[in-house]
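Trainee: Sequence:
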Amino acid sequence: MPDLPMTTTDAEPDDRMSAWLDDHIELYAVSALTPEETLRAERELAALPPEARAAYEARIVEIHTTMAGFASTYALEAPSDLRRRVLTNIFGGAGETGPEPSTTPQPVPIGERRQSPRRKTAVLAAAAATVVVALGAGVLIGRTTAPEPSPAATAVGETQQEVLTVLAAGDATVTAEPLADDHGTITVITSATAGRAVTLIRDVGRPLSPDSTFQLWLVGGAENPIPAGLIPGGDTEPVVVDDLGDSQVLAVTIEPAGGSPQPTTPILAQVPI
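Those letters in the sequence shown? Residues 17 to 289, by my numbering.
No wet-lab data here; the hints were simulated from the structure.
Ranges between beta-carbon positions, derived for each pair:
1. S276 to P223: 12 to 22 Å
2. P226 to P65: 57 to 67 Å
3. Q278 to P51: 23 to 33 Å
4. W36 to S276: 41 to 51 Å
None of these values were measured; they are calculated from a predicted model. No residue lacks a Cβ here, since even glycine has one placed at the ideal position from N, Cα and C.
When you get a sec, could you build the whole thing from the sequences and use the hints?
Mentor: This is the structure in structure tokens:
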């Protein structure tokens, strides 16, 4: 399996560092651990000597910087170029022919650095979540040559800017959760500073009926769940959820087409935000 690109500052972990923490730090950086694992990571970080803790904190910053770099580098490209470039730069591009070399510095492979199977899986899972979001954002973003943008094109432009704001935020975190009953996977990238979340549903195994839709709900900031958007059928463009407020969870249900004022079916997934 190809190595995930990292920046040139990536180095062999110090022997004093926890093996478990080293295996999970990338997923911790993008908030893709379970609540129990997150607490363990925070405890182990707090217990480290200052020098070792600083090394982990530098790695977390590096991951956030890489995510923001992916957003700014790929978001304005046509979807076909976007897919080729992202796959080439993240997964080594086996069998892919990329575009002309860019003058923008790119991450370099880890090379001979040793990785446990768990660590490599965690790194690739975190990268895959980021790629899903980047590819989804790319569907929304295409250059137009029309001299007078239509109202629809203007609306898309506003949405793409909201997506980019979240993707490029320094505190952006990625979480992916399976939907119950083989309804796919929801990927959410959240920024507290932007006050927004970008949401995608992919790999829908059981398609919805034409008179149904996925509906998003903000939970925890009010007495009742707050409707947060519709995703008809999944496998579509990203949905931007605004005004996260004090909400703690983004939940998903299946509702009648057009949505419901309150959930009427069991929750398929709950994503911490």
